[in-house]
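S.K.: Fit chain L to the supplied structure of chain R, relying on the hints for placement.
There are 2 protein chains.
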Amino acid sequence: MEEPIGVFDSGVGGLTVAREIMRQLPGENMIYFGDTARVPYGSKSEETIIKYSKQIVRFLLSKGVKAIVVACNTASALALDVLQQENDIPIIGVLEPGAIAAAETTVTKNIGVIATVATIKSGMYNYYLRKIDPQITVVSKACPLFVPLVEEGLTEDRVTDDIIQRYLHELKDYEIDSLILGCTHYPLLRNAIGRYMGEEVKLVNPAYETAKSLKRLLQDKNMMNTQPEKGKYTYFVSDGVEDFISFADRVLPCDVKMTSIVNIESY
Amino acid sequence: MEEPIGVFDSGVGGLTVAREIMRQLPGENMIYFGDTARVPYGSKSEETIIKYSKQIVRFLLSKGVKAIVVACNTASALALDVLQQENDIPIIGVLEPGAIAAAETTVTKNIGVIATVATIKSGMYNYYLRKIDPQITVVSKACPLFVPLVEEGLTEDRVTDDIIQRYLHELKDYEIDSLILGCTHYPLLRNAIGRYMGEEVKLVNPAYETAKSLKRLLQDKNMMNTQPEKGKYTYFVSDGVEDFISFADRVLPCDVKMTSIVNIESY
Chain R
15 MEEPIGVFDS GVGGLTVARE IMRQLPGENM IYFGDTARVP YGSKSEETII
65 KYSKQIVRFL LSKGVKAIVV ACNTASALAL DVLQQENDIP IIGVLEPGAI
115 AAAETTVTKN IGVIATVATI KSGMYNYYLR KIDPQITVVS KACPLFVPLV
165 EEGLTEDRVT DDIIQRYLHE LKDYEIDSLI LGCTHYPLLR NAIGRYMGEE
215 VKLVNPAYET AKSLKRLLQD KNMMNTQPEK GKYTYFVSDG VEDFISFADR
265 VLPCDVKMTS IVNIESY
Chain L
15 MEEPIGVFDS GVGGLTVARE IMRQLPGENM IYFGDTARVP YGSKSEETII
65 KYSKQIVRFL LSKGVKAIVV ACNTASALAL DVLQQENDIP IIGVLEPGAI
115 AAAETTVTKN IGVIATVATI KSGMYNYYLR KIDPQITVVS KACPLFVPLV
165 EEGLTEDRVT DDIIQRYLHE LKDYEIDSLI LGCTHYPLLR NAIGRYMGEE
215 VKLVNPAYET AKSLKRLLQD KNMMNTQPEK GKYTYFVSDG VEDFISFADR
265 VLPCDVKMTS IVNIESY
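Each protein sequence line maps, in turn, to chains R and L.
The number in the working numbering is simply the position in the first sequence, starting from 1, with 14 added.
The number in the working numbering is simply the position in the second sequence, starting from 1, with 14 added.
If we strip away everything but chain R, and leave its shape as in the complex, we get:
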């Protein structure tokens, strides 16, 4: 099937998931949508996150996608169920793959989760982890300043180290050996978080496992693109094309040329 995969996020962070899909599924076409006009989602209500996610799915469907990846942790936590119920094509999120990867990593069965306020409040990482193994203990912490710090470029900075220490010191009281980076911005703080948590704690980025889940799903359902060419990628945002392109050029292995503005509220 040549139809593209739809990938969406509240903004630019989901490009790290898109990148992993490009690596693991190089033959697939992809349409990426970043809701840059309404970012961030992590501080919004469930109702609003569902409304926005539905609009984006309607937009992606209008582009003829064969499957959708909700690359945003917050939208995955709060809207995935509704989106799956209301649509016929396969839709996957990043939480379950992230939970699977963490559960495979842990030995102590104590897993940490850091994410936005909305994701943590949803309890969905907890739900997936304990569905995999009820013996697992989950320690969660919302880290609202991480996204603004990353966006200000302070990935290596004493202020960021200070904030990391405040958010994460509680996690040190538990014997966690696996920490899920439950927001697409957080892998950009990987070095600083790793330094603080120490080598014995493995940092889990759900992006890799999400691409793996998508590949398995396309294979199982016989939906892979069998054309021999390399996949084509198209990008849409709801605001700020130039900022998007400059970020995308840093993250993606290929040049981002075609990026268009979508009036997402009309979907």
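The hints are simulated quantities; they were obtained by calculation from the structure and are not laboratory data.
C-beta: ideal position from N, C-alpha, C; glycine also.
Be a bit skeptical, because a hint or two may be false.
[Unchecked claim] Calculated cross-link-like contacts (lysine to any residue; reagent style SDA-like; alpha-carbon spacing at most 25 Å):
id : chain 1 : residue 1 : chain 2 : residue 2
1  : R       : Lys135    : L       : Asp257
2  : R       : Lys65     : L       : Lys68
3  : L       : Lys65     : R       : Val276
[What the hints assert, rightly or not] Taking beta-carbon pairs under 8 Å as the criterion, some of the chain L residues facing chain R (in silico):
id : residue
4  : Ala51
5  : Ser59
6  : Leu159
7  : Glu166
8  : Gly254
[Stated by the list, open to error] The following label-pair restraints were derived from C-beta to C-beta distances:
id : chain 1 : residue 1 : chain 2 : residue 2 : range
9  : L       : Pro242    : R       : Thr169    : 53 to 61 Å
10 : R       : Arg204    : L       : Asp175    : 46 to 54 Å
11 : L       : Pro242    : R       : Gly137    : 50 to 58 Å
12 : L       : Asp176    : R       : Tyr281    : 38 to 46 Å
13 : R       : Asp257    : L       : Pro242    : 50 to 58 Å
14 : R       : Asp176    : L       : Pro242    : 53 to 61 Å
15 : R       : Pro148    : L       : Arg204    : 32 to 40 Å
16 : L       : Lys186    : R       : Gly137    : 41 to 49 Å
17 : R       : Tyr281    : L       : Pro242    : 44 to 52 Å
18 : L       : Asp263    : R       : Lys246    : 48 to 56 Å
19 : R       : Arg37     : L       : Thr248    : 50 to 58 Å
M.R.: Only chain L this time, still in chain R's reference frame:
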């Protein structure tokens, strides 16, 4: 005229302007709208800020307001002109009143402005200040981390002091004696900013002067509410009623009971 004043902001910050209007115009009815679903505006494009502001004005007009105060600095900087051109009722922003207050304060004629990226990029504070007095020199600085720090409650904190020092140390190279707090969140950092800048720099909060401008305007146009009762206040947001009420109860001198959700995208 008993019709209410419409006041809007990208979120909760504009309540500091609403509070000043309640103080200076206690007989006026007021409708407040906070765009909490799409906050923040400070990092968005001009086009999007204008689109959102127009929707909000249409909503306020549907409620029969007689005048509108754009309490958000970013929306004032980018959308005020368009809103004034397209509507018949009086619409005022916070930038010109803020500029007037700063121009009245300065002796050295060197004025600092701190605000969001979008407000600084617009150059509008510069425009208003130099319209008042072309001799004035304006030194501007965008401070993107101030809003997240305030929202995280870190108004008195070593991290905030560190960030203040980084953003504002450039301003110390100029002999500014007046600093405009050009974002409704910044007055909440007044103590920390004042400590760093020193007593010789007067901090200007546009809210007071905005309420004064509104009063003058209503008097000039004979639009004051002459009913003897105290004004009635109604609140609308696009998301998160509870968070809004808890913030409003801290800021306003009266209890906030009636707060309703508006589907602002439909206006």
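S.K.: The structure should be examined with respect to each hint, and the outcome stated for every one.
M.R.: Here's how the hints hold up against the structure:
Distance check on the hinted pair: Lys135(R) and Asp257(L) sit about 14 Å apart at the alpha-carbon level, within 25 Å; holds. For the given pair, Lys65(R) sits about 21 Å from Lys68(L) by alpha-carbon distance, which is consistent with the 25 Å threshold. Pair hint Lys65(L) plus Val276(R) holds up; C-alpha atoms about 13 Å apart against a cutoff of 25 Å. Contact between Ala51(L) and chain R, as hinted, is supported at the beta carbon level, the nearest pair being about 5 Å apart and thus within 8 Å.
Of the supplied interface hints, the one on Ser59(L) holds, with its beta-carbon coming within about 5 Å of a beta-carbon of chain R, less than 8 Å. Checking Leu159(L) against chain R by beta carbon gives a least distance of about 6 Å; that is within 8 Å, so the hint holds. Because the beta carbon of Glu166(L) sits about 6 Å from the nearest beta carbon in chain R, less than 8 Å, this interface hint is met. Look at Gly254(L): its Cβ gets to within about 5 Å of chain R, closer than 8 Å, so that hint holds up.
Between Pro242(L) and Thr169(R) the Cβ separation comes to about 59 Å, which falls inside the hinted range of 53 to 61 Å. Taken as a hint, the range 46 to 54 Å is violated for the pair Arg204(R) and Asp175(L), whose Cβ atoms sit roughly 27 Å apart. A C-beta distance of roughly 53 Å is found between Pro242(L) and Gly137(R), which places it inside the suggested range of 50 to 58 Å. One distance hint, 38 to 46 Å for the beta-carbon pair Asp176(L) and Tyr281(R), holds here, with the actual separation near 43 Å.
Range check, Asp257(R) to Pro242(L): about 53 Å between beta-carbon atoms, so the 50 to 58 Å window is met. The beta-carbon spacing between Asp176(R) and Pro242(L), approximately 55 Å, falls within the hinted interval of 53 to 61 Å. The hinted range of 32 to 40 Å is not satisfied by Pro148(R) and Arg204(L), whose Cβ atoms lie roughly 51 Å apart. The beta-carbon spacing between Lys186(L) and Gly137(R), approximately 47 Å, falls within the hinted interval of 41 to 49 Å.
Range check, Tyr281(R) to Pro242(L): about 50 Å between beta-carbon atoms, so the 44 to 52 Å window is met. A beta carbon spacing of about 53 Å between Asp263(L) and Lys246(R) agrees with the range 48 to 56 Å that was offered as a hint. Between Arg37(R) and Thr248(L) the Cβ separation comes to about 53 Å, which falls inside the hinted range of 50 to 58 Å.
In terms of the numbered hints stated before, the structure departs from hints 10, 15, listed from lowest to highest.
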